[in-house]
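All chains should be built: construct the whole structure from the sequences, respecting the hints.
The listed protein sequences derive, respectively, from chains A and B. For the first sequence, the positions run 1 to 115 when my numbering is used. For the second sequence, the positions run 1001 to 1111 when my numbering is used.
Since the hints were derived computationally from the structure, they do not count as laboratory data. Heads up, some of the hints might be wrong.
[Claimed, not checked] Derived DSS-like pairs (lysine-lysine); straight-line CA-CA distance at most 30 Å:
(1) B:Lys1098 <-> B:Lys1058
(2) B:Lys1068 <-> B:Lys1108
(3) B:Lys1058 <-> A:Lys15
(4) A:Lys15 <-> A:Lys78
(5) B:Lys1068 <-> B:Lys1049
(6) A:Lys83 <-> A:Lys15
(7) A:Lys44 <-> B:Lys1108
(8) A:Lys62 <-> B:Lys1098
(9) B:Lys1049 <-> A:Lys44
(10) A:Lys83 <-> B:Lys1068
(11) B:Lys1068 <-> A:Lys15
(12) A:Lys78 <-> A:Lys44
(13) A:Lys78 <-> B:Lys1098
(14) A:Lys44 <-> B:Lys1098
(15) A:Lys44 <-> A:Lys11
(16) A:Lys15 <-> A:Lys44
(17) B:Lys1058 <-> B:Lys1108
(18) B:Lys1098 <-> B:Lys1049
(19) A:Lys11 <-> B:Lys1108
(20) B:Lys1069 <-> B:Lys1108
(21) A:Lys11 <-> B:Lys1098
(22) A:Lys44 <-> B:Lys1058
(23) B:Lys1098 <-> A:Lys71
(24) A:Lys44 <-> A:Lys83
These are the residues of each chain, in order.
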Amino acid sequence: EAGVAQSPRYKIIEKRQSVAFWCNPISGHATLYWYQQILGQGPKLLIQFQNNGVVDDSQLPKDRFSAERLKGVDSTLKIQPAKLEDSAVYLCASSGWTGGNTEAFFGQGTRLTVV
Amino acid sequence: AQSVTQLGSHVSVSEGALVLLRCNYSSSVPPYLFWYVQYPNQGLQLLLKYTTGATLVKGINGFEAEFKKSETSFHLTKPSAHMSDAAEYFCALGGTYKYIFGTGTRLKVLA
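Written as structure tokens, this is what we have:
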């Protein structure tokens, strides 16, 4: 079974530039998550999709971050403009959510460095 | 409110010694609990999970965890540490529509 695919693995940009990350979840998984993991911290949920609808985006900085999940499959996360504090690993995960008792499967993440 | 607390951001053990990583939770609904491991520059990998039933859960790589409702805990243990166990470990809480992660414990294994 193919896992969650993310690209790129690494990205370095200057502040105020824009960047986009891509995620392809496990086939058949209706739920997709984007997490931000700052060095030394646990993953923080940015946005959660159920199919192509947003379930939770309460911690997404909407003035600069946006995400979409077209056709309920692939997803992109965009940052525009980037700030230094956006330097982090962005993790995509998916699950066949059935009420919280199924685990999330994670991609390898995209490490973003903003200089 | 739901929350997860991991006690000890760094734990060091000698190779062959017992590993004990602590996790406490707070939940207003029956919790589903998970332990994930993260190796450098990798995503999170599931070690084990508790949903319902047996409170002692066995996972991969010789790890196990025990759900104790009275103590609201889900501590992770391994009888004998191996050098390859050095990584960061995250406890997570499910049970509503999302997962909540603890801040992580970095395990160091000393030769």
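So, going through the hints one by one against the coordinates:
1. Restraint check: the Cα-Cα separation between B:Lys1098 and B:Lys1058 comes to about 23 Å, which is no more than 30 Å; the hinted pair holds.
2. Restraint check for B:Lys1068 and B:Lys1108: satisfied, since their Cα atoms lie roughly 26 Å apart, inside the 30 Å limit.
3. Taking the CA atoms of B:Lys1058 and A:Lys15, the gap is near 45 Å; set against the 30 Å cutoff, the hint is violated.
4. Taken as a hint, the A:Lys15 and A:Lys78 pair is honoured in the structure, with Cα atoms around 14 Å apart against an allowance of 30 Å.
5. A distance of roughly 14 Å separates the Cα atoms of B:Lys1068 and B:Lys1049; the hinted pair therefore holds under the 30 Å criterion.
6. Of the supplied pair hints, the one linking A:Lys83 and A:Lys15 holds, its CA atoms being roughly 5 Å apart against a limit of 30 Å.
7. The straight-line distance between the Cα atoms of A:Lys44 and B:Lys1108 is roughly 24 Å, inside the 30 Å bound, and the hint therefore holds.
8. For a cut-off of 30 Å, the pair hint linking A:Lys62 to B:Lys1098 stands: about 20 Å separates their Cα positions.
9. As the CA atoms of B:Lys1049 and A:Lys44 are separated by approximately 20 Å, the hinted pair is consistent with the 30 Å bound.
10. This hinted pair does not check out: A:Lys83 and B:Lys1068 have alpha carbons roughly 43 Å apart, beyond 30 Å.
11. Taking the CA atoms of B:Lys1068 and A:Lys15, the gap is about 47 Å. The hint is violated against a cut of 30 Å.
12. A distance of roughly 16 Å separates the Cα atoms of A:Lys78 and A:Lys44; the hinted pair therefore holds under the 30 Å criterion.
13. A distance of roughly 22 Å separates the Cα atoms of A:Lys78 and B:Lys1098; the hinted pair therefore holds under the 30 Å criterion.
14. For the hint pairing A:Lys44 with B:Lys1098, the CA-to-CA distance comes to about 11 Å; that is within 30 Å, so the pair holds.
15. A threshold of 30 Å between alpha carbons decides the hint, and for A:Lys44 with A:Lys11 the separation of about 20 Å falls inside it, so the pair holds.
16. At roughly 22 Å between alpha-carbon atoms, A:Lys15 and A:Lys44 fall within 30 Å of each other, so this suggested pair holds.
17. Annotation: proposed proximity of B:Lys1058 to B:Lys1108 holds, straight-line Cα distance about 22 Å (limit 30 Å).
18. Among the hinted pairs, B:Lys1098 with B:Lys1049 is consistent with the structure: their alpha-carbon atoms are about 15 Å apart, no more than 30 Å.
19. The suggested pairing of A:Lys11 with B:Lys1108 holds, with an alpha-carbon distance near 29 Å, which does not exceed 30 Å.
20. Our distance criterion of 30 Å between C-alpha atoms is met by B:Lys1069 and B:Lys1108, whose separation comes to about 29 Å.
21. For the hint pairing A:Lys11 with B:Lys1098, the CA-to-CA distance comes to about 28 Å; that is within 30 Å, so the pair holds.
22. Our distance criterion of 30 Å between C-alpha atoms is met by A:Lys44 and B:Lys1058, whose separation comes to about 27 Å.
23. Restraint check: the Cα-Cα separation between B:Lys1098 and A:Lys71 comes to about 21 Å, which is no more than 30 Å; the hinted pair holds.
24. For the given pair, A:Lys44 sits about 17 Å from A:Lys83 by alpha-carbon distance, which is consistent with the 30 Å threshold.
Going down the numbered hints, you'll see the structure goes against 3, 10 and 11, while the others check out.
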